[in-house]
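Sequence order for the protein chains is X and Z.
Taking the numbering used here, the leading residue of the first sequence gets 1, the next gets one more, and so forth.
Taking the numbering used here, the leading residue of the second sequence gets 246, the next gets one more, and so forth.
No wet-lab data here; the hints were simulated from the structure.
Computed from a predicted structure; not experimentally measured.
Beta carbons are placed, not taken as given, at the ideal position from N, Cα and C, and that holds for glycine.
Be careful, since some hints might not be right.
[Said to hold, decoys possible] Far from chain Z by the CB rule (all over 12 angstroms, computed), these chain X residues: (1) 12; (2) 17; (3) 42; (4) 79; (5) 110; (6) 124; (7) 128; (8) 159; (9) 193; (10) 215; (11) 222; (12) 244.
[Stated by the list, open to error] Taking CB as the label site, the calculated pair distances span: (13) 43/X to 467/Z: 32 to 42 angstroms; (14) 235/X to 337/Z: 26 to 36 angstroms; (15) 22/X to 252/Z: 26 to 36 angstroms; (16) 76/X to 402/Z: 19 to 29 angstroms; (17) 482/Z to 181/X: 47 to 57 angstroms.
The chain contents come next:
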Amino acid sequence: MMVRTALRAAVDQLRMQGLSPLALLSGVALPCVFAYVLHSYRGGRTDAELAVGVAGLGILDALVVLVTLGFLAEKSWKTLQPALGSPGGLAPIVLGRLLGMGVQSLLSIPGTLVFLVAMWGLAPRFDWPRWLVGTAVLAVATTSVMGLLGFVVLRFPFSPGMTNGIVGLVLSLSALLAPVSALPAVLRAPAWVLPQSQVMAWVRGGGTGHLLLGCLLSVVAAVAVVGLIRLLERSARRQSLSLEA
Amino acid sequence: MSDLLRGAALSYRALFTWLNPLGYLSSRIVRPIGIAVAFTATTSHYGAPLGPTLVGTSLLAGAHAVIYGMALAVGNERNFGTMPIWLASPQNILGAVCQRALPHLADGFVSGFLTYLVCSALYRNLLLPIDVFAVLLLLALVSAFGTGLVVAGLNLRVRDTFLWPNIAVLAMILFSGVLLAPAQLPGLLRPAASAFPLSHLMSSVRAGPGLGHLADSVLAELVTGACWAAAGVLVVRFALRRRPSD
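Construct the complete structure from the given sequences, taking the supplied hints into account.
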């Protein structure tokens with residue numbers, strides 16, 4: 001029952017926002033601009049590192065837009081209170097929506113690869129397994145981390161502009177464009193806490209430990225999101241927390 | 246003068262929706278610093294000189310604040326349902342848009358300056374002395390004001406408040422020389438690059454830290470800004486001639 005509701009919410013997300021122009025702009029156009037800048041520094045053909053980093057940027061930007069606008073729309077439509085009163089509660093619907101947003105952001109993976117290949121071609125020994133695993137884990141990792149943003153948007157009264165800095169903050173710490181070692185010393189420790197930086201370290205040729213740690217951190221973030229949404233549900237029921245502020 | 250400032254302050258309070266602690270911190274401080282750190286890290290990783298990227302992303306932070314602020318100052322009239330009343334009022338709309346830009350110019354200065362200070366401290370690299378950077382930032386804001394006027398004019402007609410500012414800033418990232426030297430652009434696009442705000446300032450920053458280079462670029466940057474402002478006047482007048490969408 002819960003799983004069916006969550007899947008239905010995911011399908012609803014795709015049905016309503018599947019081809020949102022804003023999501024396309026943020027998930028494909030912006031990373032392609034950044035890809036051009038990145039390529040001008042490094043030159044050469046497209047390798048797995050460039051392809052995964054640019055796709056990860058698209059996934060991040062698309063998810064920030066989708067999570068913010070999607071959950072704000074639920075607030076303004078006043079659909080959260082009815083969802084709370086439904087048999088399954090709020091969690092399957094919110095998590096299903098998040099799942100749908102994650103699936104929607106996957107468009108960045110082929111979208112950016114097509115651009116990169118058209119512009120600069122593929123490197124002779126393009127590491128397809130690393131690209132496939134890297135982008136897949138990066139998508140899961142980013143969806144999990146952005147789930148925390150979704151909780152903040154749902155739990156607290158929304159202040160316009162409050163999510164604008166998330167892309168800058170996560171972009172600087174997630175090592176999508178350059179490795180963690182290129183960051184200022186003071187930012188390196190917090191950067192390793194993000195699963196994206198671990199995944200990117202593996203994509204850049206690091207050991208499997210980085211990938212496993214990236215997966216583990218993604219799972220931790222996902223579990224935290226589920227727990228926080230459950231907590232939100234309880235607060236809304238027991239303390240009459242307004243979900244539409 | 247006091248009426249001008251009072252009107253500007255009123256519009257800032259009423260229409261700049263990011264004017265709340267979290268919104269301001271996130272939009273005007275965290276975002277530009279984060280993006281500057283990400284690009285400076287990328288530059289340093291690939292062995293390019295850090296300084297120009299650091300200066301460029303800080304100038305871009307200031308321009309970003311002006312362009313988005315002016316877009317919001319017009320777009321939010323529509324979002325709040327007051328666009329028809331505003332346009333029907335006897336106020337000079339072009340003058341009002343310019344007046345509303347004043348707080349965003351001040352904001353742009355704060356945002357750009359803070360980005361430069363924080364990133365210079367993080368990377369222990371101060372390419373330009375603070376006072377020279379402040380002058381460059383003022384010039385960047387003047388030319389960004391021209392682009393902001395074009396975007397504000399477009400927002401009189403276009404329903405999506407953020408479409409044109411997003412496109413303007415993406416184009417500036419590519420063409421203004423903030424992240425890429427003009428020589429790194431495809432041949433066909435190189436002449437177009439010099440028409441973008443910040444491009445002349447960035448050329449002189451890339452040429453070296455000497456004040457002589459910077460002096461040369463001042464006039465060119467001001468002319469670029471004036472051309473954008475003239476284009477902005479035309480766009481606003483054209484938008485007002487046709488019935489703006491509400």
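Now the hints, each set against the structure:
At roughly 23 angstroms from the closest C-beta of chain Z, the C-beta of residue 12/X stays outside 12 angstroms, upholding its exclusion from the interface. Every beta carbon of chain Z lies more than 12 angstroms from that of residue 17/X, the smallest distance being close to 15 angstroms; the non-interface claim holds. For residue 42/X, the condition that its CB be more than 12 angstroms from all CB atoms of chain Z is violated, with the nearest at approximately 5 angstroms. The beta carbon of residue 79/X is kept farther than 12 angstroms from every beta carbon of chain Z, the shortest such distance being approximately 21 angstroms.
At the 12 angstroms boundary, the C-beta of residue 110/X stays outside the reach of chain Z, the nearest C-beta of that chain being 21 angstroms off. Every CB of chain Z lies more than 12 angstroms from the CB of residue 124/X, the least distance being 21 angstroms, so the non-interface label holds. With a least beta-carbon separation of about 24 angstroms from chain Z, residue 128/X lies farther than 12 angstroms from that chain, consistent with its non-interface assignment. Against chain Z, the non-interface label of residue 159/X is violated: not every CB pair exceeds 12 angstroms, the least being about 4 angstroms.
Once the 12 angstroms rule is applied to beta carbons, residue 193/X is consistent with being away from chain Z; the minimum gap is 16 angstroms. A cut-off of 12 angstroms between C-beta atoms confirms that residue 215/X is not in contact with chain Z; the least separation is 24 angstroms. For residue 222/X, the requirement that its beta carbon stay farther than 12 angstroms from each beta carbon of chain Z is met, with the minimum near 24 angstroms. Against the 12 angstroms criterion, residue 244/X stays outside the reach of chain Z, whose nearest CB is about 18 angstroms from its own CB.
Between residue 43/X and residue 467/Z the beta carbons are some 35 angstroms apart, a value that agrees with the proposed interval 32 to 42 angstroms. For residue 235/X paired with residue 337/Z, a C-beta distance near 51 angstroms fails the hint of 26 to 36 angstroms. About 32 angstroms separates the C-beta atoms of residue 22/X and residue 252/Z, a value consistent with the hinted range of 26 to 36 angstroms. Restraint check, residue 76/X to residue 402/Z: a C-beta distance of roughly 25 angstroms satisfies the suggested window 19 to 29 angstroms.
Distance hint check: the CB atoms of residue 482/Z and residue 181/X are about 53 angstroms apart, consistent with the given range 47 to 57 angstroms.
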